[in-house]
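> Make a model of the complete structure from these sequences and hints.
Each chain, written out:
There are 2 protein chains.
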Amino acid sequence: MGDNLNVSDLKIEDTGTDDTEGDVVDPWNVTSSSNTGVDYDKLIARFGSSKIDDVLLARFEKVTGKPVHHLLRRGIFFSHRDMHSILNLYEAGKPFFLYTGRGPSSSAMHIGHLIPFLFTKWLQDVFDVPLIIQLTDDEKFLWKNLKIDEATKLAYENTKDIIACGFDPSNTFIFSDLELIGQCPAFYRNIVRVQKNVTFNQVKGIFGFGDSDVIGKIAFPAIQAAPSFSSSFPFIFGDKNLPCLIPCAIDQDPYFRMTRDVAPKLGHHKPALLHSSFLPALQGAMTKMSASNDLSAIYLTDTAKQIKNKVNKYAFSGGRDTIEEHRKLGGDCSVDTSYQYLKFFLEDDEKLEQIRKDYSSGALLTGELKKILIDKLSEIVASHQERKSKLTDDDVKQFMKLRPLSFQTK
Amino acid sequence: MGDNLNVSDLKIEDTGTDDTEGDVVDPWNVTSSSNTGVDYDKLIARFGSSKIDDVLLARFEKVTGKPVHHLLRRGIFFSHRDMHSILNLYEAGKPFFLYTGRGPSSSAMHIGHLIPFLFTKWLQDVFDVPLIIQLTDDEKFLWKNLKIDEATKLAYENTKDIIACGFDPSNTFIFSDLELIGQCPAFYRNIVRVQKNVTFNQVKGIFGFGDSDVIGKIAFPAIQAAPSFSSSFPFIFGDKNLPCLIPCAIDQDPYFRMTRDVAPKLGHHKPALLHSSFLPALQGAMTKMSASNDLSAIYLTDTAKQIKNKVNKYAFSGGRDTIEEHRKLGGDCSVDTSYQYLKFFLEDDEKLEQIRKDYSSGALLTGELKKILIDKLSEIVASHQERKSKLTDDDVKQFMKLRPLSFQTK
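Protein chains in written order, with the UniProt record's numbering: chain A, 1 to 410; chain B, 1 to 410.
Take these hints with a grain of salt, some might be off.
Put simply, identical chains are the same to the list, so a pair is met inside one copy or across any two.
Said to hold, decoys possible - Here are the simulated DSSO-like pairs of lysine-lysine, each with C-alpha atoms no more than 27 Å apart in a straight line:
#	residue 1	residue 2
1	Lys-390	Lys-66
2	Lys-153	Lys-265
3	Lys-328	Lys-357
4	Lys-376	Lys-160
5	Lys-376	Lys-357
6	Lys-240	Lys-153
Honestly, the hints are just simulated from the structure, not real lab data.
See the structure below:
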């Protein structure tokens with residue numbers, strides 16, 4: 001499995017910021033020196049997680065009786081920890097819950113931010129389980145030049161975007177960590193319990209923290225860890241001790257390696273994980289799409305015209321220099337941003353395969369491929385905006401209210 | 001003044017655990033290699049605080065119109081930071097508040113724990129100001145082998161002992177930090193703000209933390225700091241930004257050196273301080289009285305008989321080996337625990353001076369001196385027990401309830 005790594009084992013070999021391969025992947029940086037992006041197989045070996053292979057996918061479909069999501073099918077969610085245990089639970093009719101989150105870095109989320117939420121929504125529908133979504137206001141306060149009140153406002157704005165992904169308040173609780181700490185003593189107690197069981201040496205090894213880092217950053221990983229434990233939410237789970245599945249981008253894994261190491265010491269289950277790769281920046285796979293770089297990102301607030309302009313102007317092309325050459329030699333899908341984005345957002349497998357064939361053969365030109373992407377993104381963003389525009393402050397409050405959630409207890 | 005030291009200045013010269021002089025004084029250890037105890041003048045130089053001198057005491061009396069407390073008069077509160085500024089405020093009729101605290105380490109507090117509270121009560125009466133008392137449950141959880149629930153129970157027990165010192169709920173708020181974090185978002189926000197402005201290097205320099213310390217300890221000093229800021233208690237102070245005076249034992253000073261460095265960055269006043277020396281262990285001044293050492297301490301729960309036995313059996317004597325020798329040469333008050341304790345607890349200056357003369361001359365024997373102490377402590381402990389026995393759970397709740405306090409706003 002390679003899945004039972006202890007934090008103490010990670011100190012030397014895995015720093016989370018190890019860039020010996022030209023790839024840097026940690027919660028604050030994702031860059032690659034390769035134009036096809038991060039080498040995810042090497043990352044699996046380095047992080048000690050397990051590859052999502054055909055055996056797991058087949059079992060997923062067998063146990064749930066449903067076809068797997070295209071993000072799983074296409075290897076965009078590519079790595080896991082203990083997913084077989086979660087399927088065992090589901091098979092046995094035993095409850096668990098989902099936890100995912102977001103650090104509200106800017107008021108405008110981009111289309112890359114949708115990925116974990118769309119996938120989580122699908123997981124929730126398939127498994128019929130409650131979902132916890134944490135917005136880490138203080139992460140942004142600690143790492144960015146942002147006041148607490150600003151971070152809290154952004155969290156509120158972001159909540160609307162998250163809700164617009166289609167979540168249901170009957171089984172979804174969304175919270176900002178700073179708010180919940182001030183409302184739910186059990187949550188903060190779990191934070192302190194984690195902080196009692198992790199040393200500076202460990203966070204140094206896992207996150208690359210140094211002596212000149214502020215103590216807020218050093219203590220912060222416990223805040224990412226605590227929602228993995230159902231006892232942090234007595235108003236939802238009572239005194240039940242339920243296992244947790246965390247769908248997230250692979251750069252968040254260091255938090256949960258630490259959590260998995262601490263969990264048994266606190267009498268909790270190790271959280272299971274499903275890891276996604278990154279939506280590349282428009283300019284190509286050497287960095288991930290970033291909300292702090294206007295030109296790299298398609299925002300959920302962009303107009304159809306802005307989307308069209310950005311894709312046409314900035315989306316890195318795998319096409320040839322001239323039409324003649326392109327017709328003759330074909331384009332390179334492996335580095336073409338437009339094609340890569342369609343892998344994330346175009347659900348129809350046959351259509352995607354046709355595009356791949358046509359672009360590789362040269363039958364489809366770069367401009368034509370971009371047009372397909374522009375149409376798809378415009379449709380996604382416009383319908384997101386429509387759903388968001390209908391959300392009221394009361395809707396947001398409903399999701400953020402401390403309350404029980406409905407969940408199966410077969 | 002030597003009073004404007006920055007945290008960054010403290011890194012090399014002052015580690016808080018510097019024992020080059022044979023004295024170790026930090027929030028977790030107080031020991032001395034000398035039988036007269038810690039060299040407090042050297043500590044003032046090392047910590048960069050100011051000595052409480054006759055000029056300050058005279059001004060204290062002039063400004064307040066009252067004789068100073070015997071603990072000030074006798075140099076038991078011996079060091080300060082910015083006390084002149086507090087007297088300036090009082091002279092100008094401007095409000096400030098008091099903050100002190102306690103880490104609830106065992107259910108039985110000892111007579112040494114009374115000192116800061118008795119003195120604080122006196123300060124509160126003299127200045128007519130509100131008082132905040134923090135019980136740091138999590139400190140004991142993080143440093144000792146104690147569960148959170150146990151620490152919370154101890155905090156509750158300790159609160160009764162504190163109230164029995166004579167505090168008034170109209171101007172005193174007592175809280176456990178873990179409880180308040182779950183009730184008052186403003187308090188936790190100040191904790192995180194402090195954590196954003198202190199590096200690991202700084203807490204390493206001030207507290208001697210190392211790489212193998214858990215992140216809970218590393219982050220903890222911010223919890224001691226936050227109550228120094230009136231904005232942590234909007235339910236008491238509204239949006240007023242009031243200065244703070246902290247009476248405490250000198251071993252707690254490292255927390256507030258750090259706080260004083262951070263305060264201006266957060267737009268807060270630097271807290272002023274009054275530092276006390278330590279009540280020695282029964283066995284002598286090489287360690288302070290400790291609740292975790294049964295034989296070193298007189299507990300507030302002890303019976304008259306237990307007090308008598310402990311003092312007679314363990315109180316280190318400055319007397320001579322034989323009565324003849326003692327009558328001839330006299331006893332040594334500077335190392336005699338009984339005499340030292342009377343300096344803390346016997347308010348009558350003339351009586352104390354007579355005891356000093358008689359013991360030094362040999363007129364007073366060790367057994368007679370011990371008898372005086374036994375009577376005094378029995379009286380103090382018995383009346384404390386009587387006051388405590390009358391306290392109900394409702395009384396405790398009244399002090400711990402989030403509410404406004406009365407204070408002067410001349």
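> Within, between, both or neither: how does the pair Lys-153, Lys-265 come out at a Cα-Cα threshold of 27 Å?
between (36 Å within a copy, 23 Å between copies)
> Is it within, between, both, or neither for Lys-376 and Lys-357, if the alpha carbons may be no more than 27 Å apart?
within (19 Å within a copy, 96 Å between copies)
> For the identical chains here, do Lys-328 and Lys-357 meet the 27 Å Cα criterion within one copy, between copies, both, or neither?
Result: close within a single copy only, 14 Å intra versus 111 Å inter.
> At most 27 Å between alpha carbons: which applies to Lys-376 and Lys-160, within, between, both or neither?
Answer is within; shortest intra-copy Cα gap is 22 Å, inter-copy 67 Å.
> With identical chains, the pair Lys-390 and Lys-66 could be close in the same copy or across copies; at 27 Å between alpha carbons, which is it: within, between, both, or neither?
neither (31 Å within a copy, 67 Å between copies)
> Please work out whether the CA atoms of Lys-240 and Lys-153 approach to 27 Å or closer within one copy, between two copies, in both situations, or in neither?
So Lys-240 and Lys-153 pass the 27 Å test across copies only (24 Å; inside, 33 Å).
Violation of the numbered hints given earlier is confined to hint 1; every other hint is satisfied by the structure.
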